[in-house]
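Q: Each chain, letter by letter, is given below.
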Amino acid sequence: MVDPAFILLPFGCTVIYALLVRKYAGYVGSFAGLVTLCLLPMLSRGLVEVPWFVAAGEEFFWSMMVDNLSLLLGGVVGGIGIFVFFYSTGYMTEKEDLRRFYAVLALFAMAMLGVVFSANLFQLVFFWELVGVSSYLLVGFWHQKETAIRAARKAFLTIIVGDAFLLGGVILLWTYYGTASIPVLLESVEANTVTILAGIGIVIGAISKSAQFPLHDWLPDAMEGPTPVSSFLHSATMVKAGLFLIARMLPLLVAVGLAPVLVIIAVLTIIISACIALVETDIKRVLAYSTMNQLAFILLALGIGATTAALFHLTTHSVFKALLFMAAGVMIHTAGTQDMRKMHIRSGKNLVAITTLIGVLALGGVPPFSGFFSKDAIFEGLLAHGDITLLVVFSIAVIMSAAYIFRWYFMLFSKSGKKAHANLGMTLPLPILAFLTVVGGGGMWLFFEWWHEHAHIGITAVISLGLVGVGWLIAFAIYRKDLKILWLSHSGLAHFCRERFLFDKLYSSLGRFVQGIGAFWAWFDNNVVDGLVRGIGHVAVILGDLLRRIETGRIPTYVGALILGFITIVMAVQFL
Amino acid sequence: MTLSILILIPILTALLTFFVRKKTKDIATVGSIVLAGFAGYSVTLFNTAERGMQLLEYYTWFTVDSFEVALSLGTDGISYPMILLTALLGVVAVLVSRREIKKDERQYYALLMLLIASIIGVFASLDLIVFFVFWEAVLVLMFLLVLKWGGKERKYAAMKFLVYTGIGSAGLLLVIILLAVFAGTVSLTDTFVLEPWVQYTIFCSLLFAFFIKIPIVPFHTWLPDAHVQAPTAGSILLAGVMLKMGGYGLLRLGLLVVPDMTVVFQTFLFAMGTLTIIYGAWVCLAQHNLKKLIAYSSVNHMGFVLLGIAAGSTLGVTGAVFEMLSHGLIAALLFALAGLVHQKSGTFDIDKLHGLVSVMPRTAWLLTIAALGGLGLPSMTGFIAEFLVLFASFQTFGLWTILPLLGIILTGGYMVRMLSRVVFGKSKAKLSEKKVNIIPFAILTIVIFILGIFPFLILSIITASAFT
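So the sequences go chain by chain: A and B.
Each residue of the first sequence is one higher than the one before, starting from 1 at the first, in my numbering.
Each residue of the second sequence is one higher than the one before, starting from 577 at the first, in my numbering.
Bound-form chain B, shown alone (with noise of 0.2 Å):
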C-alpha cells in the first residue's frame, strides 16, 4: 500500500483544498509535509538487500480481451530516490508559493497537488499504460501552471511546451504500442523478446521521446522558455522532478525493454551527453537572465545524466541517479532563490542585479552556495554525482572524457561569472529580505550537505537497482 498512499496523499489534498474554500495554503502546507512525512517512514520499508522491484502493488483497471492493463505500482533503486526527492521538493514547491501566488490560490495548489501525485506515479507505475497516462497528466498540468500562472510571455511558453513536449510523447506512445504489438506486454515486470528490428525502432522512438524531455541538445529549447515564464514552484518541480522523468524513462525503458541497443548506440550517446554538457555551459557563459541562466545549466547537468547512461555500466547508472538527484536538489535551491529574488527586485536581468550581497546577505549567500554546489564543489552532492559519472565514463569511454572534464572547467566559469555579477560588488537598488521564509532553502541546503558528504544514506538505496 505503500505507493499508493503515496500517490494519494497528493490528491486528496487537492481535493481538500479546491473543495475546503478556506486555509488553502496551510491545507496544502499540510498536505505536503505528510506527503514528505510518509515519504520519509516509507524508507524504513524499503529493503536495500533486495535486487529487484519492491514494495508492489496490483489492481487491475481493465482487460480487452486476454490484454490486461493494470495499475501495477513497484519501485527499486532507481525510481525510489525520485520518488523521495518528489516529495521533498514538493514541501519546498508548496512553501515557495505561499507568498508568490496571489491569484486563484485554490486551482493553483489542487494543480500543484495533482501534478505531483502524477509525478510520483510516473515513477511508480510499471505497467506502461498508466505509466504514460501519468505522463501526459504530468504535461497537462504544468502547462496549466505556466498558462495561468506564469510570468509576461506565459501563453507562448506554455503552448511551446505542450506542443515540444506532446510531440516527444508521440514517440513514448509509439514504444508502448510497439511492446503491446510484438512482445504482447506492457508491464515492466515481464522480460521482453524483440526481433531486432522492434529494438531498434523502439530505441530510437524512445531517444527522441527522452531527448525531448531531459532535454539533449538540440531538443532543449523549450526548456528556457518554460523556465522563465514558469511560477517558481513550477520551476522548482521542472527543473527538480520533470527533466528526471527523461531519464528515469531512458535508464528504466533503454536498459529493461531494449538493454542491448544502449551498447549499440554508446559511441552516440556519449557524444549528445558531452555535446550536452559542452552546449550547455558555454551558453550559460553568454546569459544575462538569471532564471533563463540556471536553465541552461540544466542542461548542462543533465547532459551527465546521458554520459552515466551513455557508460553503461553499473557504476554509470548509479553515478546517472545520483546526478539526477543531485541536480533535483541544487536546481530546486537555484530556482528558489532565483524566484525570491525576482519576488523582491521584480527582474531576473543580471546585469540589474549587481551586489545582491550588500542588500539581501542572507538570499546571496544561499545562492553563492547553491552556485558552488552546481560546479561540483565537495562536500555537497553534486562533486561525488559528477565523479561518479566521470569515472563510469573513464572507464568506458578512455580519454575521450577529457572532453566532458572540460564541459566542468566552463561550468566553473558561468557559475563564478554568475556570482560576480549577482552577488557580489555594490548595489544601488534599495531591496530588503524581510519576511523571507527561510525554510525551503535551508531544508534544500541542509539535505545537499548531508548527501554530499554522506552519500552512502542514498547510494545504498541506489545500489539496490534492477540493473546489478
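Next comes chain A alone, as it looks inside the complex (with noise of 0.2 Å):
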C-alpha cells in the first residue's frame, strides 16, 4: 500500500523536470500520467492525516482521502494526461516556449490531483486556486495575441470571484463546526442559515470553475489557448472539477436545501449553451458551449441525487471529448482556419473521419458508444426521480446535443473535402481514445458494480435514441441536404444566441463599471483626500505667512503692539 501523497509525485517531478530539463517533457509528463494510473489502485483507502502547521491553536492538517470518488477523478487526470502529453508533443513545435508549456501544464494535473484527494477544505482551497492559475497561464500561453490575453483575465477573473466565495464559504463552515475536515462536516451537517450560506459559496466557487450559468461565459473565449490545453482543461478535467466539489459535498447541499438550486442552475446552462452551440461556427467554440451542456447534465444528474450515473457521464465525457478536441485540433492544422464553414475536411476511411465520427456518435448519444449509456444512467435517474418538467427539458436538450454536434460534424465534413493529416504524435491518441470509447458503454455495468449499484437499462433507452434521431434528423436536413429553413438562422433569436445572450456585452460592460469606479476613486483621492491633504499645508503656509507679517522690523509698530497690550491687560485686570 502507497501512501496517498505520493499521488503527487509523478506530476510534481515533471514541473521539475520540464524547468530543468525541457527536452522530451512531453513524454515524461505522458509517462507521468502512467504512473499515475499505475498508482491509483496501489493507495491505501482511506483518510491519512498529518499536521500541517498551526497558528495560533487552530490546527492545519495534510490529509488525504481516498475513495471511489477520488480514484475516479484521479484515473480521468492521470489517463486523459497520458494522451494530452504525448499529443502535445506532436502539438507544440520546438520555437514555443515548451518549458512554461509543460511545466504548467504538468502543474494543473498535480493541482487537480491535489485538489480531488483533499480531505479538508483548507487544502482543497490550496490546490483549487492552483488549478485556476494554472488555466490562467495557460489559456493566455501565446501571449503576444491580444484575444488570448482578454480571454486568460476574462477566465481568471471569474474564478476568482469563485474562488473569494469558496473561501468564504469553507472559512464559514470552519468558523461553525470547528473543522475543515470534509468526512467530519459531512457527518455534523446541520440545516441552518450558516451552512446555507456557506453552501451558496461551494455553489458559486465550483459553478465558476465548471462554467455554468450564470458565471459560463469564460468558457468559450478560453479556447483561445492551444488544442491540448483545452482538451485537457477545458473539457477534461479542470471544469470537472467544479462538479467534483459539488460530489463531494453533495450530502451537504442537499441537507441545507440547495439541491434544487443545482437543478435550476444545470437547466438554465443546458439551454443556454445548446443554443449558442447550434449557431456558432468556431470548430472548438462548439466544442466549447458542448462541454457547457454536457457539464449541466452531470450537474442536473447530482442535483436530483443520481450521483452514480453523475459521474459515469463525467467519465465518458472525459474521453470522448478530449478525442474531439485532439480531432478538431488535427483538423485545424490541415485546414488553418477555426471557421467551420471553411474548413472542408474530407470524410471517408481516413483514421480523423473515423475516429471523430465515433466521438460525435458517443456525444449525440447513439449506441452502442460510451454516451449513450451514460446519458441513459441520468435519463433513469430523471425517470427516478419522476419530475415531468425535468423530463421534458432534459428529452429536448437530448434532441439539441444531437443536433449541435451533428451539425458540427456535417459542416466540417464532406466528400470532396482535404483529408485531415498530422504527425504521429498528434494522430496516435486518437485511435486509442476512440477504442476507449467504443469499450466505454460496455463498461457501465462494471462501473455501476464498483459503484456498489446496479446499472439498468429499460425503456428510456429507446426514447433516448428516437430523440437522438430526431436531433440528427434536423441536422442531416439543414447542413447535408440544405433544407430552405434557414430563415431561422437570420431570426432575432439566432441573432441573440450568436451574441452568446449578451452575457458576453455584460460582463465587459460590468468591468468597465468597475473600472470606472476605480477610476473615479482614483480622481477622489488625487483631488479630494490629497487635496484636502495640500490644502492644510497650504493653510499652514499661509497662516505662517500672515504670522510673518507682524514681524516688521519697524520700531512703531512693536511700541504700539506693547501699548495695545499693556491696554488690554490692564482692562482684562479691571474687570475680572
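Rather than coming from a laboratory, the hints here were simulated on the basis of the structure.
Each residue gets a CB set at the ideal place from its N, CA and C atoms; glycine is no exception.
Any given hint could be a false lead.
Under 7 Å between C-beta atoms, here's a sample of chain B residues computed to sit facing chain A [what the hints assert, rightly or not]:
| hint | residue |
| --- | --- |
| 1 | L621 |
| 2 | F967 |
| 3 | Q971 |
| 4 | L979 |
| 5 | L981 |
| 6 | F1032 |
Straight-line distance between alpha carbons at most 35 Å, and here's what the computed DSBU-like set of lysine-lysine pairs gives [claimed, not checked]:
| hint | chain 1 | residue 1 | chain 2 | residue 2 |
| --- | --- | --- | --- | --- |
| 7 | A | K95 | B | K1006 |
| 8 | A | K505 | B | K679 |
| 9 | B | K1010 | A | K23 |
| 10 | B | K1010 | A | K145 |
| 11 | A | K342 | B | K1004 |
| 12 | B | K1011 | A | K145 |
| 13 | B | K1004 | A | K95 |
| 14 | B | K1004 | B | K679 |
| 15 | A | K23 | B | K724 |
| 16 | B | K724 | B | K678 |
| 17 | B | K1011 | A | K23 |
| 18 | B | K920 | A | K23 |
| 19 | B | K920 | A | K95 |
| 20 | B | K1002 | A | K95 |
| 21 | A | K145 | B | K1002 |
Residues on chain B that point at chain A, a partial pick, calculated with CB under 10 Å [to be verified]:
| hint | residue |
| --- | --- |
| 22 | L770 |
| 23 | A862 |
| 24 | S889 |
| 25 | L948 |
| 26 | I978 |
| 27 | R993 |
| 28 | F1000 |
| 29 | G1001 |
| 30 | P1031 |
Could you use the hints to bring the two separately framed chains together as a complex?
A: Structure, rendered in C-alpha cells:
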C-alpha cells in the first residue's frame, strides 16, 4: 500500500523536469500520467491525516482521502493526461516556449490531483486556486495574441470570483463547525443559515470552475489556448473540478436544500449552451458550448441525486470530448482556420474522420458508444425522480445536443474536402481514445458494480434513441440536404444566440463599470483626499506668512503692539 | 548581546563605508550579508517555547530624578519576524542599489545602513523613549534618501513624507508623555495601570500616529508620492518594513498598554481596515503608473493587517503579523522588479510598458509570480496570511467579513489587469535584461515560496508572542 501523498509525485516531478531539462518533457508527462494511473489502485484507502501547521491554536492538516470518487477523478486526470502530453509533443512546435508549457500543464495536473484527493477544505482551496492559475497561464499561453490575453484575463477573473466565495464558504464552515475536515463536516451537518450561506459559497465556487450559468461565459473564450489545453483543462478535467466539489459536498448541499438550485442552474445552462452551440461557427467554440452543455447534464444528475449516473457521464464525457478536441486540433492543423464554414475536411475511410465520427456518435448518444449509456443512466435517474418538467427539458436537451454535434460534423466533413493529416504525436492518441469510447459503454455495468449499484437499461434507451434520431434528422436536413428553413438562422433569436445571450457584453460592461468607479476613486484620491492634505499644508503656510508679517522690523509697530497689549491686560484685570 | 549586535553591525558598516572611501558597494554588501547571516544565526537563540520577551538586554542611558531612560532591548513573536525581515531586505536593498545608485555612493550606503539599524532599533527597543528616537531617525534617514537619490519630484515627495509622518509622530510623542506622567514608566516590560480617560486619549493618539504610518485610508496619500519618487532600495524598505512599524506599533502599544481599548474600538478598526482594503484595491484598478499601483497595493494589503488587529483574537494577531511579513516580502519583490524595469526602460508608465515578457522574459515572469503572490495565490505567503486574517475576522465579526472578501476579488482584478497590460502582449520597445543581477529577486522569491508552503517555520516564532 502506498501513502496517498505519493499521487502528487509523478506530475510534481514533471514540473521540475520540464523546468530544468525541457527536452522530451511531453513524453515524461505522458509517462507521469501512466505512473499516476498505476499508482491509483495501490493507494491505501481511507483517510491519512498529518499535521501541517498550527496558527494560534488552530490546527491545519495535510489530509488525503482515497475513496471511489477521488480514485475515479484521479483516473481521469492520469488517463487523459497520458494522451494530452503525448498529443502535445506533436502539437507544439520547437519554436514555442515548451518549458513553460509543460511545466504549467504538469502543475495543473498535480494541483488537480491535489483537489480530488484533499480530505479537508483548506487544502482543497489551496490546490483549487493553483488549478485556476494554471488555467490562466495556459489560456494566455500565446501571450503575443491580444485575444488570448483578454480570454485569459476573463477566465481568471471569473474564477477568482468563485475562489473568493469558496474561501468564504470554507471559513464559515470552519468557524461554525470547528473543523475543515470533509468527512467530519458531512457527518455533522446541520441545516442552519450559516451552512446555507457556506453552501452557496461552495456552489458559486463550483459553477465558476465548471462554467455553469451565470459564470459560464469564460469557457468559449478560453478556447484561445492551445488545443491540448482545451482538451485537458477545458473539457476533460479542470471544468470537472467544480462538479467534483459538488459531488463531494453533496450531502451538505442536499441537507441545506440547495439541490433545487443546482437543478435550476443546470437547466438554464443546458438551454443557453445548446442554443449557442447550434449557431456557433468556430470549431472549438462549438465544442466548448457542448462541454458546458454536457457538464450541465452531470450537474442536473447530481441535483436530483443520481450521483452514480452523473459520475459515469463525467467519465465517458472526459474521454470522448478529449477525443473530439484532439481531432479538432488535427483538422485545424490541416485547414489552417477555425471557421467551420471554410474548413472542408474529407469524410470517409480515414483515421481522423472515423475517430471523429465515433466521438460525435458518443456525444450525440448513439449506441453502442459510451455517451449513449451514460446519458441513458441520467435519463433513468430522471425517470426515477419523476419530475415531468425535468424529463421534458432533458428530452429537448438530448435532441438539441444531437442536433448541434451532428451539425458540427456535417459542417466540417464532406466527400470532396481535404484529407485531415498531422504527425504521429497528434494522430496516435485518436484511435486509442476512440477505442475507449467504443468499449466504454460496455463498462457501464462494471462501473455501477464498482460503485455498489446496479445498472439498468429500460424503456428510456428506446426513447432517448428516438430523440437522438430527431436531432440527427434536423442537422441532416439542414446541413446536408440544405433544407431551406434557414430563415431561422437569420431570425432575431439566432442573432441573440450568436451574441451569446449578451453575457459577453454584460460582463464587459460590468468590468468597465467597476473600472470606471476605480477611475473615479483614483480622481477622488488625488484631488479630494490628497487635495485636503495639500490644502491644510497651504493654510499652514499662509498662516505662517501672516504671522511673519507682524514682525515688520519697525519700532513704531512694536511700540504700538506693546501699548495695545498693556491696555488689554489692565482692562482685563479691571473687569475680572 | 544578540539584539545590540544586530543594531551595531549596520552602524559599523555605515561608518566603514563612509570613512574607508574605497570599495563602498562591496563593504555595504558584505555588511548587509553579515547582518543577514547573524540574524539567521540568532534564530537558534530564539526560544519558541518562551511566551514573553526574550533576548533581553538593559543598559541605563540617563536618569532624571528617579525617571530612568534605558537602552532596553528585547523581542518576542511579534517583533522578531520583523527584525528577520529587515535583515533580509537589507541585503536585497543593497544588492539592487549597486547598479542604480551612481552619485555620492558613500553617503548613500552609510545612510541606508543607518536606516536599517534604526528600523531594527524600533523593533527591538522596549523603552519607549529610545523607541521614539529610533522611530524619528528612520523618518529623517528615509527623508534624506528620497531627497537626494529620488526621482524628478523628489523634493515635494520628501517634504510631504517628512511633514505628514512627522505630524503622526507627534501623536506617538503625546502617548509617551502621557504614559510617563500617568503611569510613571515608559518601559514596555512594565504593566500599565491607567484611568479610562487616559486610556481613551492614548488610544486615539496611537490611532492617529499609526494610521498615518500604516497607512490607513484616508491618511495614506503621502505613500504613493514617496514611493514613486524614492530610489528602489528606499521603496523596498519603505513598503517592506517601514509600513510595518505602524502595524507593529499598534500591536505592541495598543495591545500591551491599552488592551481594553482595542475591544472598545473594535468595530471602528474593522470598518477602517475594510475601507482600506476595498478602497486601496479599487484605486489600484485605475492606476497608470506601475510604482504607484504597487504603492496602492501596499495600502490594500496593510488593510488586512488592521483587520487582523481588529479581530483582537490570538489568531487575528498571528494573521496580522504573518500578513506584515508576507507583504514585506512580496511588496519588496514587486518594488525591486519595478525598479529594474524602470532602470532598463526609463518609465513606470503601464501603457508604455506593454509586452514585457517578449523583451525581458525573466523579469516579466518574476513580476508575474510576485503579482500572483500579491493576489494571494496558494503556495506563497499571501494566501496563508489572508486566510488567517479572514478566518479571525469571521470568528469575530461574522458575516461582515464578506466585505473584505469582496476586496480580494478587486485585488485579483487589479493584479490581473496589471499583468495583462505590463507583462503580456507584444512589445515595441527594445530592452534587454543582460547584466541583471538575479540574486536579490531569487532570494525573495524562494523565501516567499518556502514560507508559503511551510508556514510553520515562521508561525512557530509568531506564536511565541506576548499576547497568547
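Q: List in ascending order the numbers of the hints, as given earlier, that are violated by the structure.
A: 1, 4, 8, 15, 22
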